[in-house]
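2 protein chains.
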Amino acid sequence: MNAEIIAIGSELLTPHRMDTNSLFLTAKLNELGVEVSFKTVVGDRRADLVSTARIALARADVVIFMGGLGPTEDDLTRECVAETLGRKLQRHARIVEDLRARFASRGWKMSENNERQADVITGADVLENKRGSAPGQFIHINDENGNAIIILLPGPPHELKAMFEEQCLPRLQTLLPRQSIAARELKVAMIGESMADKRAAPIYKAHPLVETTILAGSPGEVQFHLRARAESLEEAQKRVDTLATALEDEFDDAVFASNGESMEQIVGYYLGMRSATLAAAESCTGGMLAERITSVPGSSRYFLGGAVVYDNSLKSELAGVPAILIAEHGAVSSQVAAALAEGIRTRCKTTFGIGITGIAGPGGGSEEKPVGLVFHALANGKNTEVVERKFPGDRDRIRQWATQQALDMVRRKLMG
Amino acid sequence: MNAEIIAIGSELLTPHRMDTNSLFLTAKLNELGVEVSFKTVVGDRRADLVSTARIALARADVVIFMGGLGPTEDDLTRECVAETLGRKLQRHARIVEDLRARFASRGWKMSENNERQADVITGADVLENKRGSAPGQFIHINDENGNAIIILLPGPPHELKAMFEEQCLPRLQTLLPRQSIAARELKVAMIGESMADKRAAPIYKAHPLVETTILAGSPGEVQFHLRARAESLEEAQKRVDTLATALEDEFDDAVFASNGESMEQIVGYYLGMRSATLAAAESCTGGMLAERITSVPGSSRYFLGGAVVYDNSLKSELAGVPAILIAEHGAVSSQVAAALAEGIRTRCKTTFGIGITGIAGPGGGSEEKPVGLVFHALANGKNTEVVERKFPGDRDRIRQWATQQALDMVRRKLMG
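Protein chains in written order, with my numbering: chain L, 1 to 416; chain G, 1 to 416.
Honestly, the hints are just simulated from the structure, not real lab data.
One thing to keep in mind: the hints can contain errors.
Any copy, or any two copies together, can satisfy a pair, since identical chains are not distinguished.
To be verified - List of simulated lysine-lysine pairs, DSS-like, C-alpha gap at most 27 Å: (1) K205 - K130; (2) K130 - K390; (3) K205 - K109; (4) K205 - K28; (5) K413 - K349; (6) K28 - K369; (7) K349 - K382; (8) K382 - K161; (9) K28 - K161; (10) K198 - K109; (11) K238 - K198; (12) K28 - K130; (13) K205 - K238; (14) K349 - K390; (15) K88 - K130; (16) K238 - K88; (17) K390 - K28; (18) K349 - K109; (19) K88 - K382.
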């Protein structure tokens, strides 16, 4: 079974907007055993839309149209799909009433063009829209012309996702051959994508029944997406788990997530387990590390806070770094990184203290201390570990690399 | 003139990856007066690729293929486009030599499959790839079958962008009718998208020669993209500027950028102009404000640093908030926000101090202090301004709203 996903709307053909709904739909269709063969974006022109629908119906078993279901003249999806199928549109009185009630409940009068949203293609199931005004439609064709499933969904992501999950999935599960699919996502830290692929390739090639995709995440993160199908979920899960274990053996403690968790979630999880707390003093990352850690709900249990010490005076004032250390070794040095970690730990009274100092660029580099040079320190009161790295990329990527390195040091310390 | 952009690669039909090159190409094509009518994503299957090429050549004047130019068996773009056009592929000796030299310079031996990258469609210009191995191709057809431009580009964004700008743009400028296009992007702060549209609609509708697109940026930012075409660049610019001025009159000091600048760039610009400095004490935003400010290169001139005061003890320890104030009013209160701003300003010896405290959720809300409630304070040593807001959305959006509000307070103070 294969699918085509069609996004409709001239705004999706500008430089400012793009279809992202199709990623959600692709994940859901794959889980049902349906591969996506084509994705198409088309504007609000009748002729373009009809020809797109015609082409899609000829080459895909499942065709999903997204958008163009609203009340305006530009919303042509209903009409064009009906024309392509050679079917009629009928205005449903109940939907018109629902629309009127929806407007009335907000104290608005409904303009007549809104009634177009109640036009239903002959033979289609109406998909109720609990989060917006335009209903969707579900058409199952099974006749001498063949077998096809055609779905019309509204464009706004929260309307589309809810409608698909609540009303399309159950219908598709009934209509499509039953398959069981298991998936897992492993992540490794601080290894390059090509090196990760080189080491992983002999392993995943020995497991041809598992589909493996290797992707570079944010700097310092490589993802292994594993997916297997089988008659039973148990068998599919076993295939995925066997490969996952083999990859974990190869990458050992570089594997930080075995089910798609983020680095900051994992670090939070370990800190919580150990009832440990953390504080950070950041120079070149300028708050990015704290921002990542506090993006996790509940992080206040283990992250007390810290300082952004961009200016050298603040390295002393907020993190207690002796000014003489900065004068002697420079702000970007292993000595200052260690003093930041130790100072912020003492000041914040935490189990661990992190210090980061480096040169994010584009300016400020020298031959001795080039752009990309970063010192990361982790202090626990007994000893202080410092890692020096030279990261590639632009300002943003260097800062992301540095936060990942620092988080990975905390993770390794807590695991060890 | 219209275009179709085709992205090739089975990985672009998974839930994990999407084509983003087409946004860049759309912007460039629009500047040349070419509208994009269709975008298609197709996998690495020969039959699918040939049918996609056939359909595109029938409906578009300019067809751009991206990806599938590498050395592997899966890289079929050259062959399939040649087949569709009824032309031959010829292996170019000079390109083979260039490829060999490229490998040799890295001390590698080139495997034979790499030679496939030297296969050129009859009549095509070779587009040299300075950043990768696969060259592109540019074909201009002007015969009894009509007029068409066909471009083959490599998939990696940095290779594609450089090749298009350096080698395709000059060719297209020669082949396409000359047009002048002017564009501007205004941004307004802390106004909702629908309200912004309501106020702007009567104005931009009175300027039908300027194409206007309204987009919601990150929380607290709405963008007006203006674009006009005319015989002369002067005339196009005048049309855009006239509408921009009318919108600036309507939105007054809510307009923070008149040429697409980010809020953090604008705040940095104003601080630099006034030789003023800034420090921040953040609770619920957890470093996000500092991260935004320091994402701007050169921000060390005006941003000295600050504190992330997640834990209440740190609000006192790092930002000098009296513990009694927290006990009396709660950590999320206008009093504590003001004390954070004043305390961090004193501690960091800056012109301005910002304090942010609120409830980002999902937990921690109450009837009196719900999730989304945030207090923002700005202190300058003479007086302290506090703004209380209740933001919608999830944890991430609430934090983004709060940083935007705080930056906007600094901007308004510096303008006033």
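Here's how the hints hold up against the structure:
{"no.": "1", "hint": "K205 - K130", "in the structure": "neither (45 Å within a copy, 32 Å between copies)"}
{"no.": "2", "hint": "K130 - K390", "in the structure": "between (52 Å within a copy, 25 Å between copies)"}
{"no.": "3", "hint": "K205 - K109", "in the structure": "between (62 Å within a copy, 24 Å between copies)"}
{"no.": "4", "hint": "K205 - K28", "in the structure": "within (26 Å within a copy, 41 Å between copies)"}
{"no.": "5", "hint": "K413 - K349", "in the structure": "within (18 Å within a copy, 36 Å between copies)"}
{"no.": "6", "hint": "K28 - K369", "in the structure": "neither (48 Å within a copy, 38 Å between copies)"}
{"no.": "7", "hint": "K349 - K382", "in the structure": "within (14 Å within a copy, 33 Å between copies)"}
{"no.": "8", "hint": "K382 - K161", "in the structure": "neither (51 Å within a copy, 51 Å between copies)"}
{"no.": "9", "hint": "K28 - K161", "in the structure": "within (10 Å within a copy, 32 Å between copies)"}
{"no.": "10", "hint": "K198 - K109", "in the structure": "between (63 Å within a copy, 18 Å between copies)"}
{"no.": "11", "hint": "K238 - K198", "in the structure": "within (24 Å within a copy, 56 Å between copies)"}
{"no.": "12", "hint": "K28 - K130", "in the structure": "within (20 Å within a copy, 40 Å between copies)"}
{"no.": "13", "hint": "K205 - K238", "in the structure": "within (17 Å within a copy, 61 Å between copies)"}
{"no.": "14", "hint": "K349 - K390", "in the structure": "neither (31 Å within a copy, 33 Å between copies)"}
{"no.": "15", "hint": "K88 - K130", "in the structure": "within (25 Å within a copy, 55 Å between copies)"}
{"no.": "16", "hint": "K238 - K88", "in the structure": "neither (49 Å within a copy, 48 Å between copies)"}
{"no.": "17", "hint": "K390 - K28", "in the structure": "neither (40 Å within a copy, 35 Å between copies)"}
{"no.": "18", "hint": "K349 - K109", "in the structure": "neither (61 Å within a copy, 57 Å between copies)"}
{"no.": "19", "hint": "K88 - K382", "in the structure": "neither (78 Å within a copy, 71 Å between copies)"}
The structure is inconsistent with the numbered hints 1, 6, 8, 14, 16, 17, 18 and 19, although it conforms to all the rest.
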